[in-house]
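J.: Given the sequences, and given the hints that come with them, work out the whole structure.
2 protein chains.
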Amino acid sequence: MILQEKILDFLKRKQEYASGDQIAQRLGISRQALWKHIQDLKQAGYDIVAVPHLGYRLISRPDRLFTFEVMQDLGTRFLAKKVYYFDSLASTMDVAMKFGLDGSPEGTLVIAEAQTQGRGRLGRNWFSPKYKGIYFSLILKPKMLPSRASLLTLLCAVSLCEAIKKICDLEPGIKWPNDIWFSHKKVGGILTELNAEMDAINFVIIGIGLNVNNDKKSLVNGATSLREHKGENVNRIDLLQEILRRIEINYLLLQEKDGRYLLEKARAYSLTLGRRVRISVREKQVEGEAIDIDRDGGLLLRKDSGVVEKVMAGDVIHCR
Amino acid sequence: MILQEKILDFLKRKQEYASGDQIAQRLGISRQALWKHIQDLKQAGYDIVAVPHLGYRLISRPDRLFTFEVMQDLGTRFLAKKVYYFDSLASTMDVAMKFGLDGSPEGTLVIAEAQTQGRGRLGRNWFSPKYKGIYFSLILKPKMLPSRASLLTLLCAVSLCEAIKKICDLEPGIKWPNDIWFSHKKVGGILTELNAEMDAINFVIIGIGLNVNNDKKSLVNGATSLREHKGENVNRIDLLQEILRRIEINYLLLQEKDGRYLLEKARAYSLTLGRRVRISVREKQVEGEAIDIDRDGGLLLRKDSGVVEKVMAGDVIHCR
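Going line by line, the protein sequences match chains A and B. Positions in the first sequence are counted from 1; adding 405 to them yields our numbering. Positions in the second sequence are counted from 1; adding 405 to them yields our numbering.
No distinction is drawn between identical chains; accordingly, a pair holds when it is met within one copy or between any pair of copies.
Straight-line C-alpha distance at most 30 Å; calculated DSS-like pairs for lysine-lysine:
#, residue 1, residue 2
1, LYS548, LYS708
2, LYS689, LYS662
3, LYS546, LYS503
4, LYS535, LYS486
5, LYS486, LYS447
By construction, these hints were calculated from the structure, which means they are not laboratory data.
T.: Have a look at this one:
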């Protein structure tokens, strides 16, 4: 931890006034140096009051996904042990991909408060206005065949639903394969990119974009945000931490139990199962009833001919 | 073309003595500058003689895979229009992967005369002694599903066999999925690495390592070289050019005809089909008779139970 983080940590745990002498002594710095760091923290958006004879007190933290805030009391075993925070990036995917190539460890997290070229599947745009949403990419190194990588998309979809339910008390669902929906509108999306050989994944970059505190003005057509459904702003730090915890839990579950429990959860959250859907994969189209999610994450469609076909990914339209 | 390449080009096409005046005038430089460039070319290994009253003549080019040599009269449509040449690299794969992420066009080629950490499948070592073999990586951007990427490995295997046959008059075979063999010994290998989404390949890096002029001292156990079979050194530039031409031809064929012709060629060159094989994929093992190569490049095995199983990649042992 750097010094400013230590000061914050101290003030957070104290939860009341701490004298400048006490803090300075504890951290082995001068009162003058402490005062300077407190000014920097206030500059960064931390509301810290200083009262003569009482000392400093932390009133509130800013709505920023600072590395320190994300890591504090996160409690994960391997996820987000390395966190890179950016005020703005073209895309967290590109940065995480380069970190992956340079050998960054599993669990490395790249967060941006805004993305100028945030992207979804097939190079489509993901609108990422500043401080409104949660945009991050994560490096995973699962010991699995590339053909099973779709399970990681599902895993993150389930984790997003669980975290949103816990933190916001809302009930979103999964539109297979990679979208999180509320009442026919997209609130989040997952992008899974592989770096792989034919029979081994080197690493995977999972990108997540979630509309959190967007008002109507900062949403594109057909999209919604947690705020729209909750009626108030959501604490992005708490939500991001819960998402990370859920991803780790589900990831360990996937590796241990071959995905059985994960699939049960994915089925329960699925908005696609039981519906008639039309799926476009490149130039090809398939239509039928979505009857199940297969063990590798693929969607099983029963076509009108009665033949069951598995689709691994694609553009899905839910027919009425 | 830079000036030195223009001088070389001129001397090559002339095929006899060219006066310094003539060359200097043609290229718009002084005779003094020409002389300086000729010295540099000689330094690089070009044997250029200068005879009073006659001028300069190119006697021979060095055994180096210089960008200019590889590109000259290559005649491809998109392959190797961008070529990066290195005297030594850790691995051409890593460099090509970074170029791919930075948006380098399809067909970009990264050549190294030596690799200090050349690698094969699953991070295994590929011994790459200097000037002995051909080591390169290629960026391709095929419009296909990631699940069909194994076809690209086969495509390169076929192209290697065809080029070796044409240039060296030798008959190698393909040990499925990614090795080129002469009489039970490995002469070359192919490493295919994907950067992909679930339903789209962003780009593929194909790495090829080929033992060309290695003598026994510069070969690892169980490996052989073209020189060992040919009894003499092979011109690496000619061979590399032919490999590149074949890859382009087969690649266009694959995209146009859905791989049917390519599979016919792969079957013909296969050393694995018709044999009893044992394949290890991660912790799992399968054994049976290799009966066919499937449309997506997978190997069809008939197990002793009579059940046919498809394997997409793995460590293959040819049983007696």
